[in-house]
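Asks: These protein sequence lines map, in sequence, to chains A and B. Each residue of the first sequence is one higher than the last, beginning at 7 in the numbering used here. Each residue of the second sequence is one higher than the last, beginning at 233 in the numbering used here.
Just to be clear, a hint being listed does not mean it is correct.
Unchecked claim - Keeping only pairs whose Cα atoms sit at most 30 Å apart, straight-line, the calculated DSBU-like set for lysine-lysine is:
| no. | chain 1 | residue 1 | chain 2 | residue 2 |
| --- | --- | --- | --- | --- |
| 1 | B | K269 | A | K126 |
| 2 | A | K321 | A | K186 |
| 3 | A | K45 | B | K516 |
| 4 | B | K403 | A | K321 |
| 5 | A | K394 | A | K371 |
| 6 | B | K516 | B | K403 |
| 7 | B | K403 | B | K553 |
| 8 | A | K393 | B | K535 |
| 9 | B | K553 | B | K515 |
| 10 | B | K403 | A | K186 |
| 11 | B | K582 | B | K661 |
| 12 | A | K45 | A | K126 |
| 13 | B | K244 | A | K15 |
| 14 | A | K321 | B | K661 |
| 15 | B | K582 | A | K45 |
| 16 | A | K186 | B | K516 |
| 17 | B | K387 | B | K269 |
| 18 | B | K292 | A | K126 |
| 19 | B | K553 | A | K15 |
| 20 | A | K455 | A | K394 |
| 21 | B | K603 | A | K45 |
| 22 | B | K455 | A | K15 |
| 23 | B | K535 | B | K515 |
| 24 | A | K393 | A | K321 |
| 25 | A | K206 | A | K234 |
| 26 | B | K244 | B | K387 |
| 27 | A | K206 | B | K603 |
| 28 | B | K419 | B | K403 |
| 29 | B | K244 | A | K371 |
| 30 | B | K603 | B | K419 |
| 31 | B | K269 | B | K292 |
| 32 | A | K234 | B | K269 |
| 33 | A | K45 | B | K515 |
| 34 | B | K515 | A | K126 |
| 35 | B | K516 | B | K455 |
| 36 | B | K553 | A | K186 |
| 37 | B | K292 | A | K45 |
| 38 | B | K387 | A | K186 |
| 39 | B | K582 | B | K515 |
The set of hints was computed from the structure by calculation and includes no laboratory data.
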Amino acid sequence: MPEPLIFDKSQPGQRAVEFPPSDVPNAGPVLPENLLRRKPPRLPEVAERSVVRHLTILSRENFSVDTNFYPLGSCTMKYNPRVNEQLSGLPEFTGLHPYQFDEDCQGTLAILWQLQEMLKEITGLPGVSLQPAAGAHGELTAMLMFAAWFRDRGERRTTILVPDSAHGTNPASAAIAGFKIVQVRSNEHGLIDLDDLRSKLDASVAGMMLTCPNTLGLFETDVGEVAKLLHGVGAKLYIDGANLNAILGVTRPGDWGADALHINTHKTLSTPHGGGGPGAGPIAVAADLVPFLPVPRIERGETGVFHLVDTGHPKSIGRVRAFLGQTGVLLRAYCYLRRLGARGVRETAENAVLNARYLQSRCPKDFATPYAGDCMHEFVLSGTPLKKAFGVRTLDVAKRLIDRGIHPPTVYFPLIVDEAMMIEPTETERRRTLDWFADVLAEIVAEAKADADQLHDAPHTTSISRADEVRAARDLDLRYTWDEAK
Amino acid sequence: MAYLGNPPDTQKDMLAELGLTRHSELFRSIPESLRFKGDLNLPPAETEMDLVRHVRTLAKRNRPAGDTVSFLGGGVYDHFIPSAIDALTSRGEFLTCYTPYQAEASQGTLQILWEYQTMIAELTGMELANASLYDGASAVAEAAMMAAAVTRRRKVIVSQTLHPESLACLKTYLINTDLEPVTVPWKNGAADMETIAGLLDDETACVIAQTPNFFGVIEPMEKLSEMAHAIGALLVVSVDPISLGLLASPGEYEADIVVGEGQSLGLPMNMGGPSLGFLATRKKFARQIPGRLVGRTVDHHGKACFCLTLQTREQHIRREKATSNICTNEGLMTVRAMLYLSLVGAAGLKEVARLCAAKAHYLAEGLSQIKGFGVRYAAPFFKEFVLECDQDADRVLARVAKHGILGGVPMARFYPQMSNRLLVAVTEKRTRAELDAFIAAVSQ
Numbered sequence: 007m008p009e010p011l012i013f014d015k016s017q018p019g020q021r022a023v024e025f026p027p028s029d030v031p032n033a034g035p036v037l038p039e040n041l042l043r044r045k046p047p048r049l050p051e052v053a054e055r056s057v058v059r060h061l062t063i064l065s066r067e068n069f070s071v072d073t074n075f076y077p078l079g080s081c082t083m084k085y086n087p088r089v090n091e092q093l094s095g096l097p098e099f100t101g102l103h104p105y106q107f108d109e110d111c112q113g114t115l116a117i118l119w120q121l122q123e124m125l126k127e128i129t130g131l132p133g134v135s136l137q138p139a140a141g142a143h144g145e146l147t148a149m150l151m152f153a154a155w156f157r158d159r160g161e162r163r164t165t166i167l168v169p170d171s172a173h174g175t176n177p178a179s180a181a182i183a184g185f186k187i188v189q190v191r192s193n194e195h196g197l198i199d200l201d202d203l204r205s206k207l208d209a210s211v212a213g214m215m216l217t218c219p220n221t222l223g224l225f226e227t228d229v230g231e232v233a234k235l236l237h238g239v240g241a242k243l244y245i246d247g248a249n250l251n252a253i254l255g256v257t258r259p260g261d262w263g264a265d266a267l268h269i270n271t272h273k274t275l276s277t278p279h280g281g282g283g284p285g286a287g288p289i290a291v292a293a294d295l296v297p298f299l300p301v302p303r304i305e306r307g308e309t310g311v312f313h314l315v316d317t318g319h320p321k322s323i324g325r326v327r328a329f330l331g332q333t334g335v336l337l338r339a340y341c342y343l344r345r346l347g348a349r350g351v352r353e354t355a356e357n358a359v360l361n362a363r364y365l366q367s368r369c370p371k372d373f374a375t376p377y378a379g380d381c382m383h384e385f386v387l388s389g390t391p392l393k394k395a396f397g398v399r400t401l402d403v404a405k406r407l408i409d410r411g412i413h414p415p416t417v418y419f420p421l422i423v424d425e426a427m428m429i430e431p432t433e434t435e436r437r438r439t440l441d442w443f444a445d446v447l448a449e450i451v452a453e454a455k456a457d458a459d460q461l462h463d464a465p466h467t468t469s470i471s472r473a474d475e476v477r478a479a480r481d482l483d484l485r486y487t488w489d490e491a492k
Numbered sequence: 233m234a235y236l237g238n239p240p241d242t243q244k245d246m247l248a249e250l251g252l253t254r255h256s257e258l259f260r261s262i263p264e265s266l267r268f269k270g271d272l273n274l275p276p277a278e279t280e281m282d283l284v285r286h287v288r289t290l291a292k293r294n295r296p297a298g299d300t301v302s303f304l305g306g307g308v309y310d311h312f313i314p315s316a317i318d319a320l321t322s323r324g325e326f327l328t329c330y331t332p333y334q335a336e337a338s339q340g341t342l343q344i345l346w347e348y349q350t351m352i353a354e355l356t357g358m359e360l361a362n363a364s365l366y367d368g369a370s371a372v373a374e375a376a377m378m379a380a381a382v383t384r385r386r387k388v389i390v391s392q393t394l395h396p397e398s399l400a401c402l403k404t405y406l407i408n409t410d411l412e413p414v415t416v417p418w419k420n421g422a423a424d425m426e427t428i429a430g431l432l433d434d435e436t437a438c439v440i441a442q443t444p445n446f447f448g449v450i451e452p453m454e455k456l457s458e459m460a461h462a463i464g465a466l467l468v469v470s471v472d473p474i475s476l477g478l479l480a481s482p483g484e485y486e487a488d489i490v491v492g493e494g495q496s497l498g499l500p501m502n503m504g505g506p507s508l509g510f511l512a513t514r515k516k517f518a519r520q521i522p523g524r525l526v527g528r529t530v531d532h533h534g535k536a537c538f539c540l541t542l543q544t545r546e547q548h549i550r551r552e553k554a555t556s557n558i559c560t561n562e563g564l565m566t567v568r569a570m571l572y573l574s575l576v577g578a579a580g581l582k583e584v585a586r587l588c589a590a591k592a593h594y595l596a597e598g599l600s601q602i603k604g605f606g607v608r609y610a611a612p613f614f615k616e617f618v619l620e621c622d623q624d625a626d627r628v629l630a631r632v633a634k635h636g637i638l639g640g641v642p643m644a645r646f647y648p649q650m651s652n653r654l655l656v657a658v659t660e661k662r663t664r665a666e667l668d669a670f671i672a673a674v675s676q
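Next up, chain A with everything else stripped away, as it sits in the complex (with noise of 0.2 Å):
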């Protein structure tokens, strides 16, 4: 630990803010004596100066795209525009309070109500809502939605496949709708096995996730074909918008045969990551569902008059959230697309499956290409050759990578291919940087051959070493207590 706990910086007595004194009279105590706390909280007393040291300090504890190269796979971590920032910051937006008159409101009902009619355009889908807080919440809320359907239908279906290569988020979100799972394996070239799925097909199905590109980094050639047979059987097929980055602009899951799917703002629409969030999740759907979408909606009048709607939507599933949505980070993708317009949107697709394929075609040979296909915007190697060869894992060279100023792709996923490393460089990278992660790779297996332990070790040049992830969830450490102070 380079910085002590803020608790450990605590002086009694020391405040950084102060609030001004009582400007009304009080004639004796406001509330019952026996509704009030008795033992404060715990919080640190600082000086404003100690808080502003101790989060620059941490600051530098972490990579970041601002700082490091970032090529997590399926994460989408591209640059983040500061004029988003600065727009989404106004006081303007900042300001308003949910409650708010609709007249009150107009300035952002009217970029939210356009953001929706462009996700339309993107999707191919004719019904959108923004509410989902971020991409698994995106998820649930159609799941739910597939549910109220066949509800309404008076059917009741309990599957909802998911291929073996999915994201975790997939079967959970199904879950919790109260969906049984079933898994539908991804064949030799790492699409979906058709054979497999047609043999899980039967009137108990209520539909399919799919993400696609796939977390291979694949696109499913044959999720028309897809599309076809789930409709045959009356199921629906959602889409896990998690790499639309790959494919705006090019390709529309709404011409596929797509029901529903979401977008993650914080990978494809260039919100920040922030750490894990915030972000939103946005879904578009098909027309069918669209009486089954949450409320509230954004609707514009006929006088070009923009509402914010709960009721006459009987059908719909109501709320997962409270509120409107995130609405911070939907400015934020509104400002983004703004930006960029039509071209801009395909030539985001285009940069990121070119600067993708470019460096997969850069790395060393020495890891393993599992899959074949051409890949889109993100690939994915296996690091099983060094594994067998020099008792070199994936995690050795993603902790390596660290030492060298780059973030680690994902690594163990997806789960189909042993030693996994899953690299997405996005669209805002340059030449030079996709040229100097392959020289480091190539570097590293080096390394592997020379001096294994070296890896093993890695990192050396963070503050700290490799984390004890095993004696963290063995001796559960969760809070200071204050025990330790000296």
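Chain A is already provided as a structure; the job is to place chain B on it using the hints.
Replies: Chain B in isolation, oriented as in the chain A frame:
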């Protein structure tokens, strides 16, 4: 396009190295029949300069509560935000990093989250807290599912004094599960203890209540706690974190799961999002907690450090058997809350809470002096109360709006039969002059 990493010539060179001439050849694996022909029908690209102009013009069509004298509440409040929060959270190292899965490259975020967990645990009087959920409403739903998993029981008793949007969210989440939410209508603006007592049985997983409740009333939590525990059910509480500067902490009345909306802890109102759901509980339930947890451990040299822990509860490991589907949470908003609580401290938090309570009571008293107006419920309240009017609440709002005052949330928005009622919230930012102006405007 300004955000691309390579200019057109470099792109061409890269294509050539791949043996390609055009970008479209990159997409050969997409069947021709599925390709989109032509250009998307999107608004034309704007330069940064044009975008700034256009968005600023749209922004002027908003009339933010932050610029007015606002008495709006109902879950989002106009509290003071110390300036250091914006300054620090706009740092790229916090703004543009990912979920801290790689501990060695994320000690900054991890330490802050661990400090945040500690502060939320302290504030709620609980043993531990998670690293955030989406918002206060979905946190209620997560808490209900967690209580069911802990107790292996199905019935969820909810007092209807809960925020109506939290209640709606809970119902949406539970509709296809085997959990059975039972809603109990209020009595005199508070939880109906007799009815709840009658419903409690050995199938009850938890009782859910909010305090101060949606009407601003402080609920009799100790009694609810005793009743729930007597039958082996858990007590789930949704709280306003600011109220805990003054009011009994959930730990003091032995709550089992505490959730809430953290917007009051240094987040701008932002029309309701990004929000911050928090969850705190007992140590013995750690393995049933939804969402991420940061633990302190040591590195290979024995040096103290932090990492994500108990990940086997989570979706990326446990898949359909995970405690929740949540992945991305509200990372940067926890930094704001951690900063708020550090900057304000326990003394500051108590001052804020006292100011809110004193000013709310002063306003309630003043409004009650006006003929035809009064506080609807006699029970103790904190910073928010329901104002009963002798006329349609919208008329009152229109009248005070002429003086630049947002007079509260019309209750008819949630309960059509309450067209004469306003939910009025008072924060530490309101001055006596503003309160007097509100009273004067109502009495006109």
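Asks: Could you run down the list of hints and mark each one as holding or not?
Replies: Okay, the hints, checked on the actual structure:
no. : hint            : verdict
1   : B:K269 - A:K126 : 16 Å, holds
2   : A:K321 - A:K186 : 24 Å, holds
3   : A:K45 - B:K516  : 22 Å, holds
4   : B:K403 - A:K321 : 14 Å, holds
5   : A:K394 - A:K371 : 15 Å, holds
6   : B:K516 - B:K403 : 27 Å, holds
7   : B:K403 - B:K553 : 21 Å, holds
8   : A:K393 - B:K535 : 28 Å, holds
9   : B:K553 - B:K515 : 21 Å, holds
10  : B:K403 - A:K186 : 20 Å, holds
11  : B:K582 - B:K661 : 15 Å, holds
12  : A:K45 - A:K126  : 53 Å, violated
13  : B:K244 - A:K15  : 55 Å, violated
14  : A:K321 - B:K661 : 41 Å, violated
15  : B:K582 - A:K45  : 12 Å, holds
16  : A:K186 - B:K516 : 29 Å, holds
17  : B:K387 - B:K269 : 53 Å, violated
18  : B:K292 - A:K126 : 26 Å, holds
19  : B:K553 - A:K15  : 41 Å, violated
20  : A:K455 - A:K394 : 12 Å, holds
21  : B:K603 - A:K45  : 41 Å, violated
22  : B:K455 - A:K15  : 39 Å, violated
23  : B:K535 - B:K515 : 25 Å, holds
24  : A:K393 - A:K321 : 54 Å, violated
25  : A:K206 - A:K234 : 14 Å, holds
26  : B:K244 - B:K387 : 63 Å, violated
27  : A:K206 - B:K603 : 70 Å, violated
28  : B:K419 - B:K403 : 21 Å, holds
29  : B:K244 - A:K371 : 24 Å, holds
30  : B:K603 - B:K419 : 25 Å, holds
31  : B:K269 - B:K292 : 38 Å, violated
32  : A:K234 - B:K269 : 22 Å, holds
33  : A:K45 - B:K515  : 20 Å, holds
34  : B:K515 - A:K126 : 45 Å, violated
35  : B:K516 - B:K455 : 23 Å, holds
36  : B:K553 - A:K186 : 11 Å, holds
37  : B:K292 - A:K45  : 46 Å, violated
38  : B:K387 - A:K186 : 22 Å, holds
39  : B:K582 - B:K515 : 27 Å, holds
Of the numbered hints stated above, those contradicted by the structure are hints 12, 13, 14, 17, 19, 21, 22, 24, 26, 27, 31, 34 and 37, listed in ascending order.
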